[in-house]
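**Q** These are the residues of each chain, in order.
Number of protein chains: 2
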Amino acid sequence: MLETLDLSASLDKEAFKQQKEPVQRELSRVQRQAWKAGLGVLVLFEGWEFSGKVPCARFLAGPLDPRGYKVEVLYPPTRQENRYPFAYRYWCRLPPRQVIGLWVRSWYYHLLDPQVHKKASALEHRTAVEEICQTESMLSNENYLIVKFWLEIDKKEQRRRRREFLEGKRKRFRVGPDDPEQHKHHKRFRQAAEAMLAGTDTAFAPWHLIPANDERFTQIAVATTLIRRIDEALARRGATADTAVTNGTAGTAVTHDPPAAVEEKVPDLLEQTRSVLQSVDMNQKLDDEEYAGRLRQAQANLADLQYRCFDQRRPVVLGFEGWDAAGKGGVIKRLTVELDPRHFTVHSIAAPRGEEAEHPYLWRFWKRVPPEGHWAIFDRTWYGRVLVERVEGFAKERDWRRAYGEIRDFETALSENGFILLKFWLHLSPEEQLRRFHERQEVQYKNYKITPEDWRNREKWPQYEQAVEELVRRTSLPFAPWVVVPANDKNFARVMVLETIVKHVEEDLKRKRSRLRKRF
Amino acid sequence: MLETLDLSASLDKEAFKQQKEPVQRELSRVQRQAWKAGLGVLVLFEGWEFSGKVPCARFLAGPLDPRGYKVEVLYPPTRQENRYPFAYRYWCRLPPRQVIGLWVRSWYYHLLDPQVHKKASALEHRTAVEEICQTESMLSNENYLIVKFWLEIDKKEQRRRRREFLEGKRKRFRVGPDDPEQHKHHKRFRQAAEAMLAGTDTAFAPWHLIPANDERFTQIAVATTLIRRIDEALARRGATADTAVTNGTAGTAVTHDPPAAVEEKVPDLLEQTRSVLQSVDMNQKLDDEEYAGRLRQAQANLADLQYRCFDQRRPVVLGFEGWDAAGKGGVIKRLTVELDPRHFTVHSIAAPRGEEAEHPYLWRFWKRVPPEGHWAIFDRTWYGRVLVERVEGFAKERDWRRAYGEIRDFETALSENGFILLKFWLHLSPEEQLRRFHERQEVQYKNYKITPEDWRNREKWPQYEQAVEELVRRTSLPFAPWVVVPANDKNFARVMVLETIVKHVEEDLKRKRSRLRKRF
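Taken in order, these protein sequences are the chains called A and B. Sequential numbering from -3 applies to the first sequence in the numbering used here. Sequential numbering from -3 applies to the second sequence in the numbering used here.
Treat the hints as calculated values from the structure; they're not laboratory data. Among the hints, erroneous ones may be present.
To give an idea of the interface, some chain B residues facing chain A are shown, with a C-beta separation under 7 Å as derived from the structure [said to hold, decoys possible]:
{"id": "1", "residue": "Arg79"}
{"id": "2", "residue": "Ala118"}
{"id": "3", "residue": "Ala409"}
From the three backbone atoms N, C-alpha and C, an ideal C-beta is built for every residue, glycine too.
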């Protein structure tokens, strides 16, 4: 998930100055509204050492009424604290609903640190994930909004800041002897962070991943995200009156301010970054000769790999998503042409009909899970839930929000049973799509490919872009990554997809088939 | 949880005949209404071998429209099925929302059988619990109602039925060579069942424990429970229109029948049984002489145990609940009189006020968790959530329903960290309560103990009785059992409580202090 971040995101002094004041005004407003509505707010800052967690908390606290917030800096549990159940020290610090909690570190100590230092067994880790999710779920049910930030900086920036601290330009005392020197264990820490984020990114308490190389950007991004989350929570409470506090006096006399006047709104910096799609170089091309050679080679490799998968009983699941006219069909054609047709199936997924619509959305995909050694290729996938169903409003926000976790569970279960997974987003520029649409309308034998729906979808390009951004961020897993393919040039796209599959499957075949559990 | 069942529950032929017809009519009605509303229904039967799972499924299916149900009998996963993720074979069998699924056995195979045969590690077990809860949660979110029955029979009845089968009076072929011969592993199976039930009894998919020694009782109890659950689900859907199916056509054209006309209602057999409280022999007494002797002895033992707990750093949590005037104060007085006052605290819990009301309900109890070696004695407890808050409507059903699981999580976390737990319900007959109320009104120095609220509570006796029944059933855990104390005779109650504590603490001290996880 972290590899999707654009760490170059930054804000110059002028822009920061301009945005600071309205952001602070808004922070102050949402604090008042949350207070009145009896909505508890708990903000958790996690991230690398020196990623700026404390400055962020200070920035947020600045404009707040000091009676209405409390900053807690959590250190590793003391020996005394470790004698209680892990949740104890957090319960003791839990602010009442009228006080916004700004926590620098949190219960994620118990997931991250023992993992990095290899002191936790798989069982302990799993138990901790479960207990944390239970706690966060209970708090949401008890009318707390949980806003979790992960501040991501790169190795270089971390080293720079550490040096700056040590050289006493800032406060040297902050770099204690316990400083875990993460830059020495960078890779291990990053893996642990990825696992932690994927395991605890829930619909009721999602993670916000913040590119934090630039402090100004970080602070504004964190603040605008917090404002948006509180506004959303207040709107939900307004919509369903029955979510009022049931216990105690806090919620009984709620008098709602109108939710954020539109002109007051500050732009959400994170919403604006389209790093996943924007970072793709759309100009990559392949001439026909190189294309032909590399394609042939990749196809030969694929045929070979298919037999190796069959031999080793490893099933493969390939998912294709992308803009209309991005060329999914063409890619899949080149992918399958040299494969043994006995051992693969292409599933073309359209809107659910008949029996499919009468089952949960994942049902038709579970039914299509391939048997041992077979390849299943999906032309459109279960991600429809968080793409078309989200954008077109076929699924309610509540429903597509929980889908990220459900899909991660689905793919995790497959992976733990030896499945090899890979997901592609075929990316087009809007101009190239337009060109292809016109071509399809004009060339008769391509005519069947273009429908009025394609034109309608095209109008919702920005919404789709936002949905793609979020789905890639929330569901790109180490064992089932998303690959964004620049597809303006068909040659390039096809070769890239085929070669990526070859590489990924080859690597995954080396991985030990770790079946977490034998059932009987 | 299972020990709370009254296995003598039965229904004679005449009563069965009388109830059968209205029950069948109601089954047919709820089927039609669920169909119309697009509500999926999945009924899972688990329980001992020969506990009558198939006859129950047949009884339910009888009056249903055969186009609208499907019986699945699940056997242990085949080798082929085991090559897929565990959920695969269940997804393949999942009926569409218009078809009621009646499943004899289910995904609980994966929790129960490997546990009994000791093939599952703690990690595998925990993972399976988690995956099952995830699946059931997703299905509920996807508009399926999950109704889970555990059919409980005793060893004797199981042996009888097995013999009957083998002797060919019924179908001998049903006793296959794979028959696990549970009566030989009765204890182990029961422990596994307890752990399974406690781990998967959620607000969205609670377990219904059915005393199944008598087939007629079982069938009517199962049917009436199912009817009630479907009616409740339909009522909820009616109340919040936004729970309609979001995906597909099934729910789009919902036209609600009025929820169950009142005169049609069939009595819920399970709701009527008050086995936990009724099975207590309220006539037990102790004369003053024996009382004095045993009390002194127990108090001496307690003082000794307190030092042993301190020495071994084991904290103790004792919870007291009971009817008004049942004598909690008197018991606690006798309990503490010989204890070292440095090492125990009595917490008297009233309605949450001030800061307490501004936090989640468990907060004030987490804050009072005792340190190592100390005893915490609670005069009224966190169970207020499912007692007074439930009965008086201070908490919404949705909120107190989830509390059973939250409380189990809380107590489990304590136990896993070495805490010793015990919970008492001091039980009175209504007549004895009335006598004591009058006494309190008449005797001047007892006057302060009686308030108008006590009289109001008394009027809600049946509702409280029902709440007690459910809380004992859902939260009596092997390591934190509920003890129902007949308190009509104060002598008896006091001695019983003290002696029970002595016994439980002594036993628990022998248990290895199993800290599931070291955090750092």
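**Q** Compare the structure with each hint and give your call.
**A** Verification of the supplied hints:
For Arg79 (chain B), the shortest C-beta to C-beta distance to chain A is roughly 5 Å, which falls under 7 Å, so the interface hint holds. Taking 7 Å as the C-beta contact cut-off toward chain A, the hint placing Ala118 (chain B) at the interface holds, the least distance being around 6 Å. The interface hint given for Ala409 (chain B) holds, since its Cβ lies 4 Å from the closest Cβ of chain A, which is under the 7 Å cut-off.
In terms of the numbered hints stated before, the structure departs from none.
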